[in-house]
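Visitor: Sequence:
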Amino acid sequence: MHHRNWFRHNAMVPKGFLRYHVLEALSEKPLSGSELIEEIHHQTGGHWKPSPGSIYPLLAWLQDNAHIKELPTENGLKRYELTQNGKSLLKDQIKARERFHEDIGCMSHPFFDRFFRNLPQEKTNTIRSSMKRLLVASISLGKTLKENFSDKDLDEALAVLDEASEKLEKINQKLKGDVV
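For the sequence shown, this note's numbering assigns the number 1328 to the last residue and increments by one with no breaks.
These aren't lab readings, by the way, just hints derived from the structure by calculation.
A quick note: this is a predicted structure, and the numbers were derived from the prediction, not measured.
Heads up, the beta-carbon is just placed ideally off N, CA and C, and yes, glycines get one too.
Honestly, I wouldn't trust all of these hints.
Taking lysine-lysine pairs in the BS3-like style, the calculated list, with each CA pair at most 25 Å apart, reads [as the list claims (entries may be wrong)]:
| # | residue 1 | residue 2 |
| --- | --- | --- |
| 1 | Lys1300 | Lys1322 |
| 2 | Lys1271 | Lys1315 |
| 3 | Lys1324 | Lys1300 |
| 4 | Lys1177 | Lys1197 |
What follows is a list of derived Cβ distance ranges for each label pair [what the hints assert, rightly or not]:
| # | residue 1 | residue 2 | range |
| --- | --- | --- | --- |
| 5 | Ser1199 | Glu1270 | 39 to 47 Å |
| 6 | Gln1191 | Lys1235 | 47 to 55 Å |
| 7 | Ser1298 | Lys1239 | 21 to 29 Å |
| 8 | Glu1218 | Asn1273 | 43 to 51 Å |
| 9 | Glu1172 | Asn1296 | 38 to 46 Å |
| 10 | Asn1296 | Asn1223 | 18 to 26 Å |
Using the sequences plus the hints, can you model the full thing?
Guide: Below is the structure:
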């Protein structure tokens, strides 16, 4: 399955993924349901655009549970902001995500087992560990850059990620028999 389609299939979206992104977006500024859809599409680099059928029931649940509150309607748009309760839920979600990435990592998700099916077990564990390390390092770097942004550090990180991606793509092309 092409990576751009990965998040388009709701069954593939990890539980809590949408809730986390909604809370995170609302922690930045008040947004409407349609603005949240666009913001999450942007946050995921265009890989996933949640449907109104998933956003609006979630907003209703968050409001019913006092995690968000509706602001006075502005230009016909119903915007929401986080309550203190919602900010606490977001903090809990951030801690849970950090524990997940540090302790288990998404490489243990059954979805990824398909990629490793034909590899020897010891190699499966090694590649899973390496991929987890790369993912956790990337997420940690993104978080640190968000807090301590500098153009120089961002350019350095991009150069490393681009170089690693290019090398992996070349190995993949070679394995597939494509001309490199």
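Visitor: Could you tell me which of the numbered hints above are not met by this structure, giving the numbers in increasing order?
Guide: 1, 3, 6, 9 and 10
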